[in-house]
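Novice: Chains as they are written, first to last, in this note's numbering: chain A, 1 to 188; chain B, 1001 to 1226.
If you're looking for bench data, these hints aren't it; they were derived computationally from the structure.
In this text the structure is predicted, and so the values were computed from the model without any measurement.
Any given hint might turn out to be false.
[What the hints assert, rightly or not] Taking beta-carbon pairs under 10 Å as the criterion, some of the chain A residues facing chain B (in silico):
#, residue
1, Arg37
2, Gln40
3, Trp45
4, Ser49
5, Thr51
6, Gln52
7, Tyr57
8, Gln58
9, Ala62
10, His66
11, Glu67
12, Gly72
13, Asp73
14, Arg81
15, Glu94
16, Asp174
Quick reminder that beta carbons are idealized off the backbone N, C-alpha and C, glycines included.
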Amino acid sequence: MLKGVSLEVGPRELMHVAGPNGAGKTTLLRVATGLLRPEQGSVAWFGQSITQVQSEYQSALAYASHETALKGDLTALENLRYMVRMKRRATLTELRGCLDRTGVAGCADLPVRVLSAGQRRRVVMARILAASAVLWLLDEPFTNLDAAGSALMSALLEEHVGGGGMALVVAHHDLKLQATQRRMELKG
Amino acid sequence: MNVGAWRAMMLIVHRDLCLSFRRPEQVLQPLVFFLIVTTLFPLGLSVQLSLLRDMAPGVLWVAALLSSLLSLDSLFKNDADDGTLEQLALSGQSLATIVIAKTVAHWLVSGAALVLVSPVVAIGLAIPVSAFATMLLGLTLGTLTLSWLGAIGAGLTVGLRRGNVLLSLIVLPLAMPLLIFGAGATDRAISGASAVGALYFLASLCVFTTTLAPFAAAAALRIALD
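Sequences and hints are given; from them, build the entire structure.
Specialist: Written out as structure tokens, the structure reads:
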């Protein structure tokens, strides 16, 4: 599906991957995570193949896919607690702080199944924030967000990149960001 | 700071147990199935205690295997469907670690629960109390082994829409030695003979699957994620 695609993301950089439906944006992102192994070519993290530094690479990345990976029977805080603590030791206060930052602190103790799609997306953003990862890999992060949610998402991306982070964002529309961003268009 | 494998496993086990108890019907359905199937036999057979006692080990083990199969389909499927499996795979922990934790959690809510209710069933099937220890030990080893075998089958069928039928076709033939030696051990205990040989065989199967199944299931999940 992906031929001749090459991209590089460095600190303080955001790479926006755009393209029509079926162009391979999500596939590219899955290849970047290491979930999907390319038939040819490679993915490198600071010059080393991610298969060689898999644990280090996975510790450094936070991935948000189409699916929220949230359990409806767990509360928003429990969802964060179980997933974030798989990667690093995070206190409940820290996790609540992340939910507060994404505007869903009031939903922290509610089962995720009662939250709206937009609120769930904000919980996912809180999980990304709580992971304290250097590299964000986000697949259509603005989906289901209202205007305020989109503005918050943009602000978080700018803050992350401005703070020395890297981001690879797949979105079919233009990103309204002030941060340095490069754009790559995949053809269908 | 990376989280150790043991701590990660504890988190997954705790999470899966928490999810199971928030949806108690998922835990209760296999148990109720086990109780109903084993109750149907005494009702359907003539009232001859000796006949019932002769058939009891086979009935008990077949019902245990089938009820364990009911919940195997959801071992990885729910996590695969909602994206959790991808997140777990990117958590920095090995897939084998994740498989071990999820299988242990699955066994605790299916196999262990089944072992706990088996004395009630055994009384209904006229199994003498003297055979309970062998029966409980055999079922513990058998259900644990079945969970490991099921983990491989669940890993292989996780990407399929109606994978539960294929899962049964994969797991049931592999479970035949369990049925033969498990029922044999219970049968020998009922007749007062030594069941040590059969129990040793069940234990060896349990060790064998515990050692190798996590890696086989992890390889199957890796293919499913790819």
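Novice: Each of the hints needs a verdict: does it hold here or not?
Specialist: Cross-check of the supplied hints:
For the restraint placing A/Arg37 at the interface with chain B, the shortest Cβ-Cβ distance is roughly 6 Å, inside the 10 Å limit, so the hint holds. Checking A/Gln40 against chain B: minimum C-beta separation of about 15 Å lies over 10 Å; hint violated. Among the interface hints, the one on A/Trp45 is violated; its C-beta lies about 13 Å from the nearest C-beta in chain B, farther than the 10 Å criterion. Of the supplied interface hints, the one on A/Ser49 is violated, with its beta-carbon coming no nearer than about 16 Å to a beta-carbon of chain B, more than 10 Å.
Checking A/Thr51 against chain B by beta carbon gives a least distance of about 12 Å; that is not within 10 Å, so the hint is violated. Because the smallest distance between the Cβ of A/Gln52 and any Cβ of chain B comes to about 15 Å, over 10 Å, the interface hint for this residue is violated. For the restraint placing A/Tyr57 at the interface with chain B, the shortest Cβ-Cβ distance is roughly 9 Å, inside the 10 Å limit, so the hint holds. Because the smallest distance between the Cβ of A/Gln58 and any Cβ of chain B comes to about 4 Å, under 10 Å, the interface hint for this residue holds.
The criterion of a C-beta within 10 Å of any C-beta in chain B is met by A/Ala62, whose closest approach is roughly 9 Å, and the hint holds. The closest approach between the C-beta of A/His66 and any C-beta of chain B is roughly 7 Å, which is under the 10 Å cut-off, so the hint is satisfied. The beta carbon of A/Glu67 comes within 3 Å of a beta carbon in chain B, closer than 10 Å, and the hint placing it at the interface holds. Against a cut-off of 10 Å between C-beta atoms, the interface hint on A/Gly72 holds, since the closest Cβ of chain B lies about 8 Å away.
Contact between A/Asp73 and chain B, as hinted, is supported at the beta carbon level, the nearest pair being about 4 Å apart and thus within 10 Å. At a threshold of 10 Å, the smallest CB-CB gap from A/Arg81 to chain B is about 8 Å, leaving the interface hint in force. Interface restraint check: A/Glu94 against chain B, minimum CB-CB distance 13 Å, threshold 10 Å, status violated. Among the interface hints, the one on A/Asp174 is violated; its C-beta lies about 26 Å from the nearest C-beta in chain B, farther than the 10 Å criterion.
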